[in-house]
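Peer 1: Protein chains in written order, with this note's numbering: chain G, 11 to 366; chain F, -6 to 163; chain D, 176 to 275.
It is worth saying that the hints were derived from the structure and are not from the lab.
Worth double-checking, as some hints may not be accurate.
Stated by the list, open to error - If we take Cβ atoms under 7 Å as the criterion, some of the chain F residues that face chain D in the derived model are:
| hint | residue |
| --- | --- |
| 1 | 43 |
| 2 | 85 |
| 3 | 147 |
A virtual CB, placed ideally from N, CA and C, is assigned to each residue, including glycine.
Each chain is listed here by its residues.
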Amino acid sequence: MPLLLFSQPFMDSPLIPLIIEWSLKIFFIFGGLMTALAYLTWFERRVLAYIQMRLGPNRVGPAGLLQPLADGIKFIFKEDIVPLDADKFLYTLAPIMSLVPALTCYVLLPFGDKFVMPGLNREIPLHITHVNVGVLAIFALTGMGVYGIVLAGYASNNKYSLMGGLRSSAQMVSYELAMVMSIIGVLLQAGSLDLVEICKHQAGWFGMQWHLFTYPPTGIIGFFIFLIAMVAETNRVPFDLPEAETELVAGFHTEYSSMKFAMFFIAEYANMVTASAMATILFLGGWMGPFVDQFPLLGPVYFTAKVGFFLFLYVWLRGTLPRYRYDQLMNLGWKFLLPLSLVNLVLTATIALFFM
Amino acid sequence: MTIQQIVFIVFALIITAGGVGVLVQRNPLYSAFSLILSFIGLAAMYILMGAQFLGVIQIVVYAGAIMVLFVFVIMLLNVRDDELHPDRHKYLLYIGVPLGLGLIAEVFYVVTRVQIAPAITDMHATGTVGTVERIGVGLLTEYLLPFEATSVLILMAVIGAMHLAKREKE
Amino acid sequence: MVPLSWYLALSAVLFTMGAVGILIKRNVIAVLLCLEMMLNAANLALVAFSSFFQQTDGQLLVFLVMVVAAAEAGVGLAIVISVFRNRETLDVDESHLMKL
Chain G
11 MPLLLFSQPF MDSPLIPLII EWSLKIFFIF GGLMTALAYL TWFERRVLAY IQMRLGPNRV
71 GPAGLLQPLA DGIKFIFKED IVPLDADKFL YTLAPIMSLV PALTCYVLLP FGDKFVMPGL
131 NREIPLHITH VNVGVLAIFA LTGMGVYGIV LAGYASNNKY SLMGGLRSSA QMVSYELAMV
191 MSIIGVLLQA GSLDLVEICK HQAGWFGMQW HLFTYPPTGI IGFFIFLIAM VAETNRVPFD
251 LPEAETELVA GFHTEYSSMK FAMFFIAEYA NMVTASAMAT ILFLGGWMGP FVDQFPLLGP
311 VYFTAKVGFF LFLYVWLRGT LPRYRYDQLM NLGWKFLLPL SLVNLVLTAT IALFFM
Chain F
-6 MTIQQIVFIV FALIITAGGV GVLVQRNPLY SAFSLILSFI GLAAMYILMG AQFLGVIQIV
54 VYAGAIMVLF VFVIMLLNVR DDELHPDRHK YLLYIGVPLG LGLIAEVFYV VTRVQIAPAI
114 TDMHATGTVG TVERIGVGLL TEYLLPFEAT SVLILMAVIG AMHLAKREKE
Chain D
176 MVPLSWYLAL SAVLFTMGAV GILIKRNVIA VLLCLEMMLN AANLALVAFS SFFQQTDGQL
236 LVFLVMVVAA AEAGVGLAIV ISVFRNRETL DVDESHLMKL
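Could you build all of it, start to finish, from the sequences and the hints given here?
Peer 2: This is the structure:
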């Protein structure tokens, strides 16, 4: 069999139950995910409102809980405008190119260890696929996400959009470097590129084995570099230069409306969740927590809680910090984060060589 | 026909379509995106051959970094159409395409005539050649000198590119 | 199982398309793109041989080729930018002199 990318259990098990299992898992993960993304907008608006001493959306349904539904209906029924001078093909392709890689990432993320289905006596791993170069695959997919934004900027035939697209491509390529360099220390400790193996490496000792705490202080430095780079990578405040409304109207999605705009919107939130999940898996132990060995189904609960913390952090930052200037952003990425992450890597390797 | 052969044909068609796209598109941005399509197909080919690490690296490096650079430059210069003089070089088309066909015929002749040593038949079953471990060990032992040489090369390229693209101070 | 010759044929097709592209394209960026395509055709052949003979060497070479391609793209595009600043054109035939 050629598809060595997949793990061995995939090869050994019979096909039909496997297809049923995969379909169910894909259905539950993507169904849950799309709902979660919709409610993330509600969560963001409510938290932001409380930070600014307001109430936020609270009219549609109890505590505004039906607001995402109303927003969705509004998006669907808005007029879909294509600018006259736009490049029609690329203009339509851009939101697709943005959304597809963002959603594909969830196929790779592990939400928990395997658990035995009672009654069926079948061992079900709590992730859709198990790829042994998982970390690289996630970076490959998030790297492809740039093209959506760049294409949107080019195809709109609008100078603000073009500026937004240019800024975005430069920003994402710059911060991807710092991001990858900051996690090499973690990969060095775990000795694997496999997301499941990285999680398992952090088991035990009530969280003291998390990569955040091991090899002090490199874990914490790496974590903060990753955190800054991940906010920049997802184009969020304080690094939301591609859509800086005070300078560029709305940046790369100035011309977009209706569902095409909604697709960019969903992709941005999906990328936020992916980045948070990566931070959780790499530094905070993934699904690991107390009693997760006895009750494997606690894994997804811990995982969701940790990811939720990072999502709250995103909103908190948005409510607190002003936007960076473009040259400051580039200086921070190239002259501070990248050298710091290289030093951190050398430090990690030194500790691994002499003290472990 | 096995499932691998079907997968091969599908991705071979994608790669070829991308390549043809690069040639026939007049807008360089469309050419670049055709090439990205080709690269994604090639990544799938590498994975089909068991070269999993290279398959992912192909997307990270080529599609995710090098092509972003190309797209960035195309957008920065913002040359909308091929505002060049196609008529002056019409004859190149009539020379280039037959020469290309000649080259391809030659290669096919060689491929069909030369007897290649029989491949290890169950190569995919045990194949661990493409794993990260094997590539890492190879790069840091046997191929250490080329590896270091390329790292010096890329440092030179960074400095050179910065110097070339820097605006002269007025 | 896919025979080795299929991979080599695909590689040959890709290489030829790149070579023809370099001949017929007049835009510098398109020429650089075709160059990348030729490098990738060589990579495909290398990976095919490497995986068919179970030797890692071919794949290591591909890794090095990718590094060289990245360096080439970086320097090449920097040259394209500085040439465009001086001549306001991307036509390869317009910049046949090594001076302004």
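Peer 1: Does the structure break any of the earlier hints, and which numbers would those be?
Peer 2: none
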